[in-house]
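**Student:** Chain residues, written in single-letter form:
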Amino acid sequence: MDYVYSIIILIGLFVILASSFNLIIGYGGLISIAHPIFYGLGAYTSALLARDLGVPVPLSILLGTLFAMLLSVAMALPALRISGDYLLIASIGFQLGMIELIKNLRFTGGASGVSGIPAFLVPTFGRGIYVALVSGVALGVVLLVRWIAHSDYGRAISAMRDDEVAFAALGRDAKWIKVSIFALGSAIAGLAGALYAHYFRFVTSEQFEILMSSTILTMVVVGGLKTPWGPVIGAILLQILPQAITFLNLPPVLLGPLQGLLFTGLVLIFMFLRPGGLVRASSTWRATGSGHGGA
Amino acid sequence: MFNLTTLAQILWTSLATSSYYVMFAVAFALVLKVNGVFNFAQAGLMTIAFYTAHALVAGFAAGGATAFLIALGATMGCAWGLEGFGFATLRRNQASPMFVFIFTIVASEFIAYCAMLLFGTWPKTIFPQLFWPVRLVGDIAISAWDLPAIGATLLMLLALWLFLRFTRWGQFMLAVADNASLAELYGINRRQVYTLTMLIAAVFVTAGMFLYGTRAQVQPLSSLEMMLFATLATILGGIGRIWGAALAAVLLGVLQNSSILVIPSEWQGFLLYVVLFVTIIFFPQGIGMPGRIRRLAR
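Chain order of the listed sequences is X and H. Just so you know, we're using the working numbering here: the first sequence kicks off at 1 and counts up by one. Just so you know, we're using the working numbering here: the second sequence kicks off at 1 and counts up by one.
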């Protein structure tokens, strides 16, 4: 039963991650793949505050979320001077740089990571309550994304994404919209990271590498960009499918690459055969006015 | 610690090791200039080039030259497929730059996972040993690998320059890079030029990977990390400046190797990413270089 609980919690966390990533990359059109590092920063901050400084877990989760948001603003303010491919490469540089920093700092546990993280709720109320907590947060995030998409703020985001020049010409502040959506998406990722840390009680920098970016991106692309429910379907599907492979009892040396092939193969298939994803939004293929050239 | 011999040794080693980085940077910069794509799928081509050569030498006891030629064929074949079935389709569908970029990253990862499945994650080399005989010139140690590597790089750069400057297809490539639509009006087949550019990039990638794999160990995901170096060199050198990218690769190699004197080796990766982040944000068009002075012919 613990295994099932863990799978449900992972699905919930990936729903949160994919939905918040969709907010940035899909609705906002901000091509950054550094999302996992904010997930990692939330996890590390909350874990270290609770374990080393004795901060109560709910407060450490909140501080982890805020720290992820602060760092995302610190990255976004200079990085959003550029867009398109350039922003994507800058985000890769930021992500890998932060991972190297975490690996080399002593108080973050270096490459060995952080273990012995205080558990939250589970020792007192059992695992079921944590499943309920993560599921509730996941549902809340999906509804928040849906609400944002249909609100005035969401319409402003779409307008900025589709034509930034026209948006600015109308007297609207494109930079504020970009920074705010980036901060919001990253804070939600930080919250997911903190929730992860206090359930699984071990984090290491390897969990937040480029492959993690690829996993979340796959969930969004396969599920459907710019739709509230697409990333949910993508996250559920792509968490359950690899579990099916684990039942084949393959050695770990084959299991990892097979799961990777499944992820990347699915993205490639969807990109060419169903670029809109499982839940379609209109004009997914088309250039959105930002960035240059393309192929 | 900071004596002249140490500095000269670091400079020489940097120059030699930057040979493969120059190849990767030139391949990346060329595709970006002509095809207009940040081609991270180059990492996939690098993986194919290395593992083909490794499999031939380790599995079939092939000689170095045979392994190189077959690896070159395999990499060029994949580059052709990548352009014909990947980029051309995306172009036809007017895919946004984000989709193209995601495609290049995911294609590289797909190839890396195939390599993991076939060869495992354990580091591999092309030849069983990485040891190259060393001789002292003055106080500087020069390995038997260094001179052929530098020579091959210079030769390939010269060949590319001659090709671009004096051949018809080279001129077509520059024309498409300058203005693809106008080039088409003059009867240049844009698709063929894109394919040719990918094939030339594949030659540089194979040569670079062959050099790298005879000196260092490679894992399936190594190429993606190496690509960041090529990207950084391309951006530092200035988008659209192939020779600027080559020069930037050499300078970055020197900077990275010299930094050992002042920065612990475990912080070198961090330094590289900081430079990448700062460069792309503050110098997205590259470090300003003096423009070429053109005079009217009288």
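No lab work stands behind these hints: they were computed from the structure. One or more of the hints may lead you astray.
[Stated by the list, open to error] Computed footprint of chain H on chain X; a stretch qualifies when at least three of its residues, placed anywhere within it, have a C-beta under 8 Å from a C-beta of chain H: (1) 8-14; (2) 77-90.
[Claimed, not checked] Quick list of in silico lysine to any residue cross-link-like pairs, SDA-like style, CA-CA up to 25 Å: (3) LYS175(X) - VAL253(X); (4) LYS103(X) - SER258(H); (5) LYS124(H) - PHE202(X); (6) LYS124(H) - SER14(H); (7) LYS103(X) - TRP122(H); (8) LYS33(H) - LEU80(X).
Don't be surprised by glycine CBs; every beta carbon is placed ideally from N, CA and C.
**Student:** Run every hint past the structure and note whether it holds.
**Tutor:** Hint-by-hint comparison with the structure:
Given a C-beta distance limit of less than 8 Å, the hint that chain H covers the segment 8-14 of chain X is violated, as 0 residues qualify and 3 are needed. For the segment 77-90 of chain X, the stated coverage by chain H is satisfied: 10 residues place a CB nearer than 8 Å to a CB of that chain, which reaches the threshold of 3. Taken as a hint, the LYS175(X) and VAL253(X) pair is broken in the structure, with Cα atoms around 46 Å apart against an allowance of 25 Å. Only pairs whose Cα atoms come within 25 Å are accepted, and LYS103(X) paired with SER258(H) is accepted, the gap being roughly 22 Å.
Pair hint LYS124(H) plus PHE202(X) does not hold up; C-alpha atoms about 31 Å apart against a cutoff of 25 Å. Distance hint between LYS124(H) and SER14(H) is fulfilled; the C-alpha atoms sit about 23 Å from each other, no more than 25 Å. Proposed proximity of LYS103(X) and TRP122(H) is supported: the alpha carbons are some 21 Å apart, at most 25 Å. The suggested pairing of LYS33(H) with LEU80(X) holds, with an alpha-carbon distance near 24 Å, which does not exceed 25 Å.
In summary, the structure is inconsistent with hints 1, 3 and 5 from the numbered list given earlier, while agreeing with the others.
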